[in-house]
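Chain residues, written in single-letter form:
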Amino acid sequence: MFKRIAFTVNGKAYNFEVDVRESLLDVLRSHLGFTGAKQGCGVGECGACSVLIDGVPYDTCIYLAVWADGKDIKTIEGVAEKNGELSEVQKAFVEEGAVQCGFCTPGLVLTTTALKESGKDYTREELKRELSGHLCRCTGYQSILKAAEKSLEGHVCTCVDSPHYKGK
Amino acid sequence: MAYTVVGKSVTRVDAVAKVTGKAKYTDDFSERDMLVGKILHSPYAHAIVKSIDVSKAKALAGVEAVLTYKDLPQIRYATAMPGVIEAIATDEVDVAELKYGTAGHPFSLDESHRDKEDRYILTQKARFVGDNIAAVVATDALIASKALKLIEVEYEVLEALTSTDAALKEGAPLIHDDCEGNILASNGYAIGNIEEALKESDHVIEGEYETSIVQHCHMENQVSHAYVDSDRRIVIMTSTQIPHIVRRIVAQSLGISWGRVRVIKPYVGGGFGNKQDVCIEPLNVAMSLAAGGRPVKLELSREEAMIDTRTRHAFKFKIKTGINKDGKINGIHITAVSNTGAYASHGHSIASSGGGKFRYLYPTKALKYDPITVYTNLPVAGAMRGYGTPQIFFAFESHMEDIAKKLKMDPIEIRKKNLVEVGFVEPLSKNKIMSCSIRECIDKGRELIKWDAKKALYKDQSGDKRRGVGMACFSYASGTYPVALELAGARIVMNQDGSVQLQLGATEIGQGSDTVFAQMVAEVLGIPMYMVHVISTQDTDITPFDTGSYASRQTYVSGMAVEKAALEVREKVLAFANRMTDIPAHLLDIKDQFVVFKDSGEQVIALEVVAMQSYYDRVNAQPITSDVSNNARINAIPYGVTFAEVEVDIKTGKIKILEIFNVHDSGKIVNPLLAEGQVHGGVSMGIGYALSEQLLFDEQTGKPLNNNLLDYKLPTIMDTPDIGAAFVEKEDPTGPFGVKSLGEPPIVSPAPAIRNAVFDATDVAFNRIPMNPQRVFEKFKETGLI
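Residue numbers (my numbering), protein chains in the order written: chain A, 2 to 169; chain B, 171 to 956.
If you are wondering where the hints come from, they were derived from the structure by calculation, not from laboratory data. Some hints here could point you the wrong way.
[As the list claims (entries may be wrong)] Per label pair, the in silico range of CB-to-CB distance:
{"#": "1", "chain 1": "B", "residue 1": "Thr309", "chain 2": "A", "residue 2": "Arg5", "range": "52 to 58 angstroms"}
{"#": "2", "chain 1": "B", "residue 1": "Lys824", "chain 2": "A", "residue 2": "Glu127", "range": "19 to 25 angstroms"}
{"#": "3", "chain 1": "A", "residue 1": "Val44", "chain 2": "B", "residue 2": "Thr871", "range": "38 to 44 angstroms"}
[To be verified] Partial chain A-side listing against chain B, Cβ under 7 angstroms, derived:
{"#": "4", "residue": "Thr124"}
{"#": "5", "residue": "Arg125"}
{"#": "6", "residue": "Glu127"}
{"#": "7", "residue": "Cys139"}
We treat Cβ as the ideally placed atom computed from N, Cα and C, and that holds for glycine.
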């Protein structure tokens, strides 16, 4: 069964028919070519497929494409400026060494972007909890946390309780 | 030595591609009209297919092919696309000859040194739950899944041997008919006379230790696609650490000539050794051939990947150590049983490799190692970060702690009494230690964690929450020499503006090798990083030969090839400059994109001018390139130590890591930021190994119980403490720029250090990992702590 849906991805409008059984991840990757969203588990455990739907991070592997009707979607391809300049979050991930194999990176950059755009303040523990839906096997999360804290500068409570935390 | 680019924390060459989603991984190249392959896995751990009926599956609309073990020998003569298949086929081959091994080792011309060939692409005999019985190719994934359910299989179920004890029992059924006693290998060694050494010792201390089956859990599952191109060659794109080895093994598995296979490796989403194996590519190619050479994609789900790729070998150790009153060890006798699961993969070499790397830490008069590697009806164990060393060091460094406790010696002092020194020549490999800073590493770690103060503070605790500190050391290697070939290739082409392309056989899988190679080239050629363009994709048709990413060999072994290639380009630039200026080349160097006088630094001619001339000079034009191969017949030994502080909740069995530091002697550090990243990732994996990770199976049936990322307790950001990484940098004279390996070493010592810290806190010795809350709780009850 097919259903017509309309949504925007990175500001561009799309209107087309999808198989009602397809996930948003399938549609983004296979139909629209937004391959920055990755499939790591297919069942909502790892966070590699995250995109922002109306500004909120979702695992798209367990989000049906038909639910995206009328939504505003941002994928990793839509984070940098059009002239290629990286966002603050992307810059922080590059500079802090938060990228290794890069498979979890798009999801983490997007969730961090959502946290930054929320304008809220976070403690370190709250920040960790917000990022805990993303699994990473390369980094031990150290540089990812640093990059997230750098991205949210001014919005992270200064309760740095670890002796080896070297960030600002 | 003072360097300009080497030793600096430059950003990764692929970081921008990866934060913008532009970095393309295997599945990102999939096309919508590709056919989809799926595998029928055995539901039984040990069974024989009595009959298999695929007629209903074949009849389903959208199914293009169904394969069973019966079809594979004939696939070479399939009629679907006669031209293609006949061209690939050579002679009729006995099925038995198509048995192949999957381990990603360099090929050996010496037959006795080859990997064990014990599997077919599809099997009539299931040897673990998940074994590959049949496969379908369909127009989409849903049809393929539906078709799998229509395959009717009748099994004769055999006794499932789900432990090494069961497999070793007298009269146990054979998992492989040609393997008596289910023992795959027993490659040990003996140095000196162990009986005498133990007899001469003041004390003989014994212990038993055990590690569990864990899984790599790289974020990108195994995925590939394959087709036959218009030249009738097989093309495979795959997420692999070893493209040139995939080429060979695919050819071997199908009985075709190696040159007919082309393997392309784009960005890889992590491997940790699991992609140093050829798990899905031969079947993927068979699927394509069955579908007339059309492109077929084969992607494992997470649940499949966790049981049908590779795991880490679980080991059981018995150790007997003879030691004198003064703490000096006379002799060590280690016996080990390694569980390799259903097929050999790397099994025959992992137990011996772990034992080999162990020999470089505590030289003793006598050392005897007796490992056996046993087939069981569990998923196949293979290479995983550390390759046998996390197991043996968990055992021995726990044992060392037990000895210190028994002899009432300080755990650091007893180790220092026995540690290796520079100049030690390992008696079996004849390898000489050219650099060793393990003592400095220990001193640094001791200071970082405030060992002495905490040791004193945590004496005699009795509350519900108790703290303790522990440490553990390790030795490793930089590559596999002298066991295997260590060949690496690099190619450099200089452009008209003096920038270069760097092509490598070594594969970037996330560890950062492309970046450190670019740093090496920039250093030698006197150009900035942005002028070195690394071609990250490997393509066996184009890429220089290199056996791949494993054994922590890239920076050291492939780095030698990169340095050699860059030096050759520099020599050619200076020779060209000499022709242009008449200044003898030996007086010149390149610095900041200029050919300069070596001594004064005075600029002679811009590099760009020389490069331009090399392309267009009407008489002397010859673009500057190099294409080198390097056979490293040497191995540098890296060292390191973990210091950990824990808090144990006696009532709940929960262990919290308060502080953890890894201090490494990996020679010169080419890129501190990336090096720290390797340490963080390795320690995190080590924490999972110590506290939470374990693949569980039903003991009767061998069925997996937690092959998904929810029930398999992979550390999340919430579970991971702050991890401290530190280095003692002393250049090793054998390595390019003084480097030694760093990729795998960080995972080796965290588990025993954490175990020793728990021992310090509670006086309870855990000799089995993981120390998850349930096990800890049970052990506390058993020991009367609660």
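Status of the hints after comparison with the structure:
1. B:Thr309 / A:Arg5: 52 to 58 angstroms: violated, 23 angstroms
2. B:Lys824 / A:Glu127: 19 to 25 angstroms: holds, 22 angstroms
3. A:Val44 / B:Thr871: 38 to 44 angstroms: violated, 23 angstroms
4. Thr124: violated, 13 angstroms
5. Arg125: violated, 10 angstroms
6. Glu127: violated, 11 angstroms
7. Cys139: holds, 5 angstroms
This entry does not satisfy hints 1, 3, 4, 5 and 6, going by the numbered hints stated previously.
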